[in-house]
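Build the full structure now, drawing on both the sequences and the hints.
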Amino acid sequence: MLPTLTERAQLDAGWRWANRFAALGPDFYTELAPQGVPEPYWVAASRATASLLGLGEDALASSAWLQALAGHGHLEGARPLASVYSGHQFGVWAGQLGDGRALLLGELAPPPGHGAGSLELQLKGSGLTPYSRMGDGRAVLRSSIREFLCSEAMHALGVPTTRALSVIGSDLPVYREEPETAAVVARVAPSFIRFGHFEHFSFGNQHDLLRQLADHVIDQHYPACRSTSAFGGNSYAALLHAVALRTAQMVAQWQAVGFCHGVMNTDNMSILGLTIDYGPFQFLDTFDPGHICNHSDHSGRYAFNRQPQVAYWNLFCLGQALLPLIEDQDLAIAALEPYKSSYADAFARHMRAKLGLADLTLESDPSLIEDLLQLLARNRVDYTIFWRRLSHMAGGTDPTTLRELFGDRPAFDAWLLRYSELLRLIPQGKAADLMLKSNPKFVLRNHLAEEAIAAAKQKDYSLVQTLLTLLESPFDEHPGMDAYADFAPAWAAGIAISCSS
Numbered sequence: 000m001l002p003t004l005t006e007r008a009q010l011d012a013g014w015r016w017a018n019r020f021a022a023l024g025p026d027f028y029t030e031l032a033p034q035g036v037p038e039p040y041w042v043a044a045s046r047a048t049a050s051l052l053g054l055g056e057d058a059l060a061s062s063a064w065l066q067a068l069a070g071h072g073h074l075e076g077a078r079p080l081a082s083v084y085s086g087h088q089f090g091v092w093a094g095q096l097g098d099g100r101a102l103l104l105g106e107l108a109p110p111p112g113h114g115a116g117s118l119e120l121q122l123k124g125s126g127l128t129p130y131s132r133m134g135d136g137r138a139v140l141r142s143s144i145r146e147f148l149c150s151e152a153m154h155a156l157g158v159p160t161t162r163a164l165s166v167i168g169s170d171l172p173v174y175r176e177e178p179e180t181a182a183v184v185a186r187v188a189p190s191f192i193r194f195g196h197f198e199h200f201s202f203g204n205q206h207d208l209l210r211q212l213a214d215h216v217i218d219q220h221y222p223a224c225r226s227t228s229a230f231g232g233n234s235y236a237a238l239l240h241a242v243a244l245r246t247a248q249m250v251a252q253w254q255a256v257g258f259c260h261g262v263m264n265t266d267n268m269s270i271l272g273l274t275i276d277y278g279p280f281q282f283l284d285t286f287d288p289g290h291i292c293n294h295s296d297h298s299g300r301y302a303f304n305r306q307p308q309v310a311y312w313n314l315f316c317l318g319q320a321l322l323p324l325i326e327d328q329d330l331a332i333a334a335l336e337p338y339k340s341s342y343a344d345a346f347a348r349h350m351r352a353k354l355g356l357a358d359l360t361l362e363s364d365p366s367l368i369e370d371l372l373q374l375l376a377r378n379r380v381d382y383t384i385f386w387r388r389l390s391h392m393a394g395g396t397d398p399t400t401l402r403e404l405f406g407d408r409p410a411f412d413a414w415l416l417r418y419s420e421l422l423r424l425i426p427q428g429k430a431a432d433l434m435l436k437s438n439p440k441f442v443l444r445n446h447l448a449e450e451a452i453a454a455a456k457q458k459d460y461s462l463v464q465t466l467l468t469l470l471e472s473p474f475d476e477h478p479g480m481d482a483y484a485d486f487a488p489a490w491a492a493g494i495a496i497s498c499s500s
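Numbered according to numbering that gives the first Met the number 0, the sequence shown spans residues 0 to 500.
Just so you know, not all the hints are guaranteed correct.
Beta-carbon label-pair distances, calculated as ranges [claimed, not checked]:
hint, residue 1, residue 2, range
1, 359, 38, 57 to 63 Å
2, 493, 38, 22 to 28 Å
3, 304, 56, 39 to 45 Å
4, 327, 225, 15 to 21 Å
5, 396, 373, 36 to 42 Å
6, 403, 373, 33 to 39 Å
Honestly, the hints are just simulated from the structure, not real lab data.
Beta carbons are placed, not taken as given, at the ideal position from N, Cα and C, and that holds for glycine.
Structure follows, in structure tokens:
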């Protein structure tokens, strides 16, 4: 039953709808109402994300907000819309795409003095849009739980990401490889604009609209690009440069934490350098640089070790899209070029932190990190467990369990000796403290997500909540929860995650 007028979902006092993307005009989107799922029920909700929107815990227990986040109900001032964009998918121009199963409810501006920036609220799985193509506009419970948990997990790891407010379930059947049930994820971000939005107007030779979009992004998210003297004062080249730097920082964090995105199409790349569109993602179990987490990626285009290069390729596509505004190919290339050094510097910085050597440049042993990664790969060592055990060893614990991870013990012992010599240059407590804050104990391993999904299909959401609690503070020990930080079981290697959702 839909909420009555007196039960309508309300924003907390002071928050208002700004809807600046909607102000761009109908060339950028189609306005339409969400198609709510029938008989919705709560699966999970993030109190941390709710607080970003000024929502209290009572909202996450109310029938009004349940209905609103399921695609029913009424949010006074919201302007639901599906945006149009294009993009390259698996390296091939795919033409017009768009929000085929997502609907932007609108942009919320905080009250004066709140300190937070504006945030957009989007529903994923809320029904057909003009951009659904052959799809049904729905999301399934399986992928919705994965996106919800990983969004919040990545935020807690310090990785730039969209956030997830809730997962609402329904018994509505949805057909993918097999019959599943529907769900709606409420997502939150300062903007959901993608590289593909720019490609859409550029490839369509709609340069006035391209300029309008670029000006919107600069004014709302990159205002420093207006006043910069870099690139001859060309604000569009400055925008490309700023996006390249943010993307480099994000991907460096992916590589350091062992995260595989799985489908880095240009329409899945955020203009704000946020991790977006959690589909066939995976955190590495054993360290395999060539690991392919997407069952649909037959060529291995988006393998783990290719992610930095693919991000640069995608940025080059963005540069091509912005070229009608930059008007100078050499200037566009110059704006992109710092991506390489920015990525390398950021990755080295994160790896030094993981080693507890943040204050050192490693000039005395420049191959320390690369040699370690090769050792981890050759010995097929569990990535997350290795770093956590190394952190404890740096704090003074016995290294036996660390050494047990390696089949080639002599090679690891030789590396450990080199590392220990550098570690002695850092106060023991300081190094271990940094490492325990840089190397998580808990990540969203595929088998944990699968177990939570299996329970949720039986209407048991307790494991989803347990994982959310652990992933919101992944660096803490959480006594009694060691099983969730253990090695992946053998059956986990057979989990196939594809683009279907």
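Against the structure, the hints come out as follows:
no.	hint	verdict
1	359 <-> 38: 57 to 63 Å	58 Å, holds
2	493 <-> 38: 22 to 28 Å	34 Å, violated
3	304 <-> 56: 39 to 45 Å	43 Å, holds
4	327 <-> 225: 15 to 21 Å	18 Å, holds
5	396 <-> 373: 36 to 42 Å	25 Å, violated
6	403 <-> 373: 33 to 39 Å	19 Å, violated
Violated hints for the displayed structure, listed by number in ascending order: 2, 5, 6.
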